[in-house]
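Per this note's numbering, the sequence shown starts with residue 1, numbered consecutively.
Fair warning: there could be bad hints in the mix.
[What the hints assert, rightly or not] Only pairs whose alpha carbons sit at most 25 Å apart, straight line, appear in this in silico PhoX-like list of lysine-lysine:
no., residue 1, residue 2
1, 86, 27
2, 234, 160
3, 27, 276
4, 86, 234
5, 234, 146
6, 146, 160
7, 205, 160
8, 52, 66
9, 205, 146
10, 198, 114
Rather than coming from a laboratory, the hints here were simulated on the basis of the structure. Just so we're clear, the structure is a prediction, and the values are computed from it rather than from any experiment.
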Amino acid sequence: MTKTYLEKKRSLNKNTMSSAVGAIAVKIVLIALAVCTLFPFIWMIFTTMKTKGDIQANPASLLPQKFVFDTYISIWSEVPFASYFKNSLVFAGLVMAISLLFDSLAGYAFARIKFKGSNVVFVLILCTMMIPFQVTMTPLFLMINKMGLYDSFAGLVIPKMADAFGIFMMRQFFLTLPAELEEAGRIDGASEIGIFFKIMLPLCKPIFITLGVFTFMGNWNDLLYPMIITSSEKYRPIQAAIALFAGKYGIEYNFFMTGLVLAAVPLIIAYLLAQKYFVEGIAMTGIK
1 MTKTYLEKKR SLNKNTMSSA VGAIAVKIVL IALAVCTLFP FIWMIFTTMK
51 TKGDIQANPA SLLPQKFVFD TYISIWSEVP FASYFKNSLV FAGLVMAISL
101 LFDSLAGYAF ARIKFKGSNV VFVLILCTMM IPFQVTMTPL FLMINKMGLY
151 DSFAGLVIPK MADAFGIFMM RQFFLTLPAE LEEAGRIDGA SEIGIFFKIM
201 LPLCKPIFIT LGVFTFMGNW NDLLYPMIIT SSEKYRPIQA AIALFAGKYG
251 IEYNFFMTGL VLAAVPLIIA YLLAQKYFVE GIAMTGIK
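Can you build the whole structure from these sequences, using the hints too?
So, in structure tokens, the structure goes:
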């Protein structure tokens with residue numbers, strides 16, 4: 001009996017040690033992957049602190065020979081960077097707010113309201129996700145130009161007021177909600193619009209924040225579409241403006257990197273503030 005007890009104890013200790021070694025190995029791999037993921041961003045930040053001569057002499061080096069912060073000051077005075085920031089906030093913010101409303105309405109209709117051909121229409125909407133933007137950008141430009149919306153916030157926002165990905169996510173979320181909520185609303189005499197706005201919409205906070213982060217980030221980082229639709233600095237968002245820095249001010253990589261770092265700050269803040277609901281929203285849309 002004593003021998004059996006000692007063997008079990010040794011086996012338990014061995015399993016515990018193996019589990020500990022495995023956990024340490026997993027943590028090492030995850031840390032290595034995190035470093036590889038963050039290294040380009042870290043290199044970009046340090047590049048903003050280099051002089052132009054330092055970048056040209058040692059472009060691959062991580063740490064600068066001399067730390068300088070002039071570009072963080074001059075970028076606001078030498079170019080209308082504040083205006084670009086404002087344009088991106090207006091563009092991405094309006095698209096996010098309007099698309100959340102339309103995507104939620106469409107998602108609720110596909111999830112809860114059964115009508116003839118609803119599945120076919122939903123599949124056709126999903127098929128639009130497989131069409132590259134390069135295929136539709138010329139017809140879209142011609143339509144925007146013919147409507148007199150070229151180089152305006154309306155031209156930037158209107159074509160993006162609804163999105164197939166957003167409709168899909170909202171539909172998946174509404175499918176996770178119990179049907180008894182709607183039945184209780186109908187018993188109380190509420191209409192479908194009343195049920196949506198008074199019962200279903202207040203439950204959409206996690207998916208709204210998740211989809212809002214996706215939408216805001218996608219439009220904030222959009223480059224090709226704003227460059228096609230805008231032609232002046234009055235409406236040009238920040239990414240399109242940064243892309244034109246090379247031709248306007250020469251190839252100054254510290255200037256480039258400073259603009260990219262400053263452009264990434266709102267996205268990082270938005271994700272950190274919405275991280276809790278972001279993970280919850282992603283999980284809930286995958287239940288069904």
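> What are the numbers of the hints the structure violates, in ascending order?
Replying inline: The structure conflicts with hints 1 and 9, although it agrees with all the remaining ones.
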